[in-house]
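Chain residues, written in single-letter form:
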Amino acid sequence: MLLQQAYNGLAIGSIYALIAVGITLVYGLSRIIHFAVGELVMFGAFTTWEVQRLTGSYTLGFAAAAIVMAVVGILTERFVFRFTLKTPLTGFIVSLGLILVFQGLAVVFWTANTQYVLPPLQGAWDLGAFIVIKQTVLNIAIAVAVLGLCYVVLMHTKYGKALRAVSDDQGAAALMGIPVRRVITSAFVAGSVLCGVAGWLVLSAGSISPHVGDSYLLRGFAVALIGGLGSVSGAAIAGIGLGVAESLAAGYVSSGWNDAYVFGLMIAILLWRPTGLAKGSEGAHI
Amino acid sequence: MLETSELHVRFGHVHALRGATLKAGLDEIVVLIGPNGAGKSTVLNTIAGLNAPSEGILSIDGRDFGGKSPRQVVDAGVTLVPQGRRLFTSMSVRENLELGAFTRSDTAGIGRDIAEWAKFFPEVGERMGINAGALSGGQQQIVAIIRGLMSKPKMLMMDEPSIGLAPVVVKRIGEEIRRLNRQAGIGILMVEQNVEFALGVADRVIIMAMGRVVFSGAPATLRDPALLSHYFFGETPRRKAANG
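So the sequences go chain by chain: A and B.
Residues in the first sequence are numbered from 1 upward in steps of one, following my numbering.
Residues in the second sequence are numbered from 287 upward in steps of one, following my numbering.
Since the hints were made in silico from the structure, they are not lab data.
Wrong hints could be hidden among the right ones.
Straight-line alpha carbon distances no greater than 30 Å define the calculated DSS-like cross-link-like pairs of lysine-lysine that follow [said to hold, decoys possible]:
| no. | chain 1 | residue 1 | chain 2 | residue 2 |
| --- | --- | --- | --- | --- |
| 1 | B | Lys-354 | B | Lys-309 |
| 2 | B | Lys-440 | A | Lys-158 |
| 3 | B | Lys-405 | B | Lys-457 |
| 4 | A | Lys-86 | A | Lys-158 |
| 5 | B | Lys-440 | B | Lys-354 |
| 6 | B | Lys-405 | B | Lys-309 |
| 7 | B | Lys-405 | A | Lys-158 |
| 8 | B | Lys-354 | B | Lys-438 |
| 9 | B | Lys-354 | A | Lys-86 |
| 10 | B | Lys-354 | B | Lys-405 |
| 11 | B | Lys-354 | A | Lys-158 |
| 12 | B | Lys-438 | B | Lys-457 |
| 13 | B | Lys-440 | B | Lys-405 |
| 14 | B | Lys-438 | A | Lys-158 |
| 15 | B | Lys-457 | B | Lys-440 |
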């Protein structure tokens, strides 16, 4: 029971971690609370499903979703959020409007009905102590690989360092010759693609609908706040932690209270550390 | 090398520069002084490409640079060390210096330059791996200057390098600025509030008031306090006040 629930939590937590890192990257570079991330997850999931349905290949679906989400990231930054960079609160309100736009588009393309999806990998391994669904192994591997790539790019490449510099001080970064605008656009691209990748993993739940992003949006933000908004490593670790905690509580108490566990934990942690877990630790920020 | 002519800059309704005309060459240390709000920092920020002039000419090496991007200015060999140092405080000293060399692509050369500066300023060299925000004010100012130099500029602009520093550190910064100019041949254009420090380090002093240049000349000519207060306060004080 303990191992089973902890493992399930790891699988769900890796989805939260991807979304929260996306939220935190966008916030860190633009100070905009981008509330339409749930819809980005939904778009990623639907794009993958649609391409898979047309071509029969999940691999093609994944690739198409990554490209589509990158384009969505560029378009939303260039034509929406760029105009609100000076007033991030306006950006937040605009992102609420984007939720309706994205959900409306999804209903137009795919109807409001729930679509049933066959996950890419079938079957499970029975390890005695607990059962491992093959799909969840793939999910965790994808999340770890993508988050690891983010970490390496941010910490060890010239562009990643430039991105952290823009997050630290935009004016000073501009004086170094860093193309600040382009770096901010790339944060929106990275954030959208991360949510799209989370969308791949959401498919494995077996069904998607235009509202599939709603619960992920709230959990993504809970995780980003717990980790310390603006901290990538904090978001990744808090995502896994929250997934495991939620899953354990669901297993030992009741799954009917899942939302209460998530937000109760968030409130408790923010009362203890109002700026989240990773704030104040050196070098943890983007 | 750097030249502005009748430069105007407006921020909304605020007319910050009202026809500022000045020159700065590679072989000299030029210091801009003047009362608060005279437009000294605006001159540096506009040259650096952070503001676009609304009128007038701004040229680097004879080429027009009005309204160019900060990147283009850095590529032209002019770098600004901003007021208040503005280090990337959540990043290490080494990363700060690497970012100063963002426009360069010779990775080996960047590493060599960082190693050389580390030897030259041992107190900074010993702290390459720690967060820039954890350094003392004087060390941060040295890192800010080295970060500016990492782009290999022909001319370095500095906005109040002495601000918030102890007198002994200010003296040291002044010596380093002189050495940069005399030995490395880097032109210096800086803004200072600390008039004594400014007159000590400058080859030429430019006084600004109300968005215009009102004086340009050797620092020795400004040793008379009455003259200085004339430029700063727009009036010649009574003899008693001048002596006090």
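Here is how each hint holds up against the structure:
A threshold of 30 Å between alpha carbons decides the hint, and for Lys-354(B) with Lys-309(B) the separation of about 18 Å falls inside it, so the pair holds. A threshold of 30 Å between alpha carbons decides the hint, and for Lys-440(B) with Lys-158(A) the separation of about 24 Å falls inside it, so the pair holds. This hinted pair checks out: Lys-405(B) and Lys-457(B) have alpha carbons roughly 20 Å apart, not beyond 30 Å. Restraint check: the Cα-Cα separation between Lys-86(A) and Lys-158(A) comes to about 26 Å, which is no more than 30 Å; the hinted pair holds.
Between the alpha carbons of Lys-440(B) and Lys-354(B) the distance comes to roughly 18 Å, so the proposed pair stays at or under 30 Å and holds. Proposed proximity of Lys-405(B) and Lys-309(B) is contradicted: the alpha carbons are some 34 Å apart, above 30 Å. Taking the CA atoms of Lys-405(B) and Lys-158(A), the gap is about 24 Å. The hint holds against a cut of 30 Å. Pair hint Lys-354(B) plus Lys-438(B) holds up; C-alpha atoms about 19 Å apart against a cutoff of 30 Å.
Between Lys-354(B) and Lys-86(A), the direct Cα distance comes to roughly 21 Å. Compliance with the 30 Å bound is thereby established for this hinted pair. Between Lys-354(B) and Lys-405(B) the CA atoms are separated by roughly 36 Å; this puts the pair beyond 30 Å, and the hint is violated. For the given pair, Lys-354(B) sits about 24 Å from Lys-158(A) by alpha-carbon distance, which is consistent with the 30 Å threshold. Using a Cα cut-off of 30 Å, the hinted pair Lys-438(B) and Lys-457(B) holds, with the two alpha carbons roughly 24 Å apart.
Note on Lys-440(B) and Lys-405(B): the hinted pairing holds, with a Cα-Cα distance of about 22 Å set against a maximum of 30 Å. At roughly 18 Å between alpha-carbon atoms, Lys-438(B) and Lys-158(A) fall within 30 Å of each other, so this suggested pair holds. Between Lys-457(B) and Lys-440(B), the direct Cα distance comes to roughly 23 Å. Compliance with the 30 Å bound is thereby established for this hinted pair.
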